[in-house]
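Residue numbers (this note's numbering), protein chains in the order written: chain A, 17 to 270; chain B, 442 to 840.
Keep in mind that a hint or two might mislead.
[Said to hold, decoys possible] Computed spacing ranges between beta-carbons, pair by pair:
no., chain 1, residue 1, chain 2, residue 2, range
1, A, K248, B, L665, 48 to 56 angstroms
2, B, D647, A, D167, 24 to 32 angstroms
3, A, G213, B, F585, 49 to 57 angstroms
4, A, K117, B, Q574, 32 to 40 angstroms
In short, the hints are calculated from the structure, not lab data. Just so it is clear, CB atoms sit at the ideal spot from N, CA and C, and this is done for glycine as well.
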Amino acid sequence: MRMSLSSAKAAAALLGILSIARLSAQSLSGQEVMDRYYGTAKPKTSIVTMSMVISKNGRELSRTLKTWRSGDSNKGEVEKSMMKFLSPADIKGSGFLSLKKADGSTESLLYLPALGRVRRLSSGASDQDSSFFGSDFSNRDIGGFVESDFDYENKGLSEGFYRIEATPRRDLGYSMLVYYIDSSDFLQKKVEYYRAGKLAKTELLSYAEVQGYRQPLEILMSSVSGSTTTLKMSEYSLDSGFPEQLFTERYLKQ
Amino acid sequence: MKIRSIALACLVILAALQTSLGQDFTGTLVSGFGFYPASSELSSKPSSFDGKIEGGIGSPEAEVARYSIDIRASFDPATQESTAELREAWVRVMAGAFDLSLGNQVVAWGATDVFTPIDMVNSLDLSLPVDAQKIPEFMGRLVFNGPGLSVDMVALPFWTASTLPAGRWQTAMSLPAGITNSVVTDSPALTWDNLQYGARLKASWDALQGIDLGFVFYRGRATLPRLSTVFTSPSTAITTKFYDPYYLAGLDGVIAFDGGLLLKGEAAYKVLNGADWLDPSAENAKAEAVGGWEYTIVGVKTTGEYVLDWTKGSSASGDTWAQSLVFIASTSPDSRWSLKAVGVYNFDGSALLSPQLCYTIADGLELEARYFAFLGDSGSVYGKWTGNDLADMALTLSF
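Chain A extracted, bound-state conformation (with noise of 0.2 angstroms):
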């Protein structure tokens, strides 16, 4: 088979283009990934309805959660995230208020109906390393994490997906987080978490335009233990604005 020379141009212009791409993707460092994964517009305000199913050995166990946030760790601010349980019944009203500054300090309260008062809780290693309401979040993985409690490093570009090595820049609960980035929108579509070395969980995000912000739509935590979690969004109102008092102790017990 001959190729003409007219195709064979084309084909090396192709080549090229393509090379200059991988080239410029490659030559993004991990940090600068995470920059542009970090600098995605959030809406300042966002309330969602969570619906959480945890899934072992065929049986599932749901909650509903309703959650309000404001605030960008990310710009120095101090991220707020206030969640209050719907159902089941038996931890319906309960409430867990997170105050996360930029430096990653987190101050957390939560409020059990049964109990009648709001307790201050920990925010120790162990503690963020809990287990969310049995769920295979911990409680770190639903606070989230800011830019900054990582080292990162690029280990390239492949299917699309910047594969980028986060190492933990004081004791964060994992001994690494590998996060595959989508290279066309520099979300997040799947994050792996190691513990000494090992692969513990693994995260699945997918993602919807809401208002004119990409949003996560539906998150599947997978345990190795064989466990699921499953988190779906909805009723995102985003950017309505609430007054600041809603992260208080006062609405928490509400």
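Given chain A, work out where chain B should sit, using these hints.
Leaving out everything else, chain B in the frame of chain A:
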């Protein structure tokens, strides 16, 4: 008659609140039994159903009013008695920085978990004394919510006695044989003098991982009786149950450190019978101080408390001191199981040990099993119950 009155009151309240938004109905059905190994006695616990209606006016982000009504119906298989009672039933109005609530409420003050000297507003159901439950009481409550500061004020016009421990948990009164004893209750009447009131000021600081400090003042009435027996003749006596008025001043605090350590503490100073509560020589003065920690190690939350009690002696006897230690370890290995071990040691040599587990069978369906073991001499705080070791189990359905 009482049940009809309660039902009528509920209907009126419900009708008045029909215009509210976001109304929810939830219910809890609890049934269980206990077993006393020492006597091989199986004891059925009352089965209860709690129906709760709650709702609010306004959006969740800007509510202007909220209400809650909880009615409990119980059936005790041992006595074949059915009862219905109004539990929490209140209306709350939020205006600016203030929340004003009126109705049957439960107040939880303080920071510590097991021994809570300043958490005294509600009387207690002590039927099972190792598992005391608060009794909702009618009160007016005004809370000021400022930035980093809150003031919680309560006023209780009606006095409610605590429910005494079931017979097997009480120490029998011993009078000489042949004495006829009659018991009289001197309950506080509904008067201004018997109004119970108090306030808790709580301040929070954004230091370390958060610091809370609270101050409490309360004027109340004892909810457990002081017994006084007077002989009216060599063969007859009258025992009167007095519920003494008291003043209490206290403080509580929590410090959350960066490494995950929480330090907690509470202390209360109490004077009975209207004595000058600032006078430390008041013979009936009492004080209790609790210092504790909370720390999680490899998924196991540990809680410890040291408790120091002091009672001012009378002219005939010296001061009395008592000390206790508490240790609790709890963990949830997965989404269904939670395990807890509780140990309380009193320095008189007695102790309470209680392993507990809870299993979630399905959404809203839980099985809880507990064992209470008592150790020590018969005259000691926990040793007096050595014959009351108890295994109990309860199934709870919430919907």
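The hint says 24 to 32 angstroms between D647 (chain B) and D167 (chain A); measuring C-beta to C-beta, is that right? holds (28 angstroms)
Quick check: does the Cβ-Cβ distance between K117 (chain A) and Q574 (chain B) fall within 32 to 40 angstroms? holds (39 angstroms)
Regarding K248 (chain A) and L665 (chain B), is the given constraint of 48 to 56 angstroms on their beta-carbon distance met? With Cβ atoms ~51 angstroms apart, the hint holds.
Can you tell me whether the CB distance of G213 (chain A) to F585 (chain B) sits inside 49 to 57 angstroms? The hinted range 49 to 57 angstroms holds for G213 (chain A) and F585 (chain B), with Cβ atoms some 53 angstroms apart.
The structure is consistent with each of the numbered hints, conforming to all of them.
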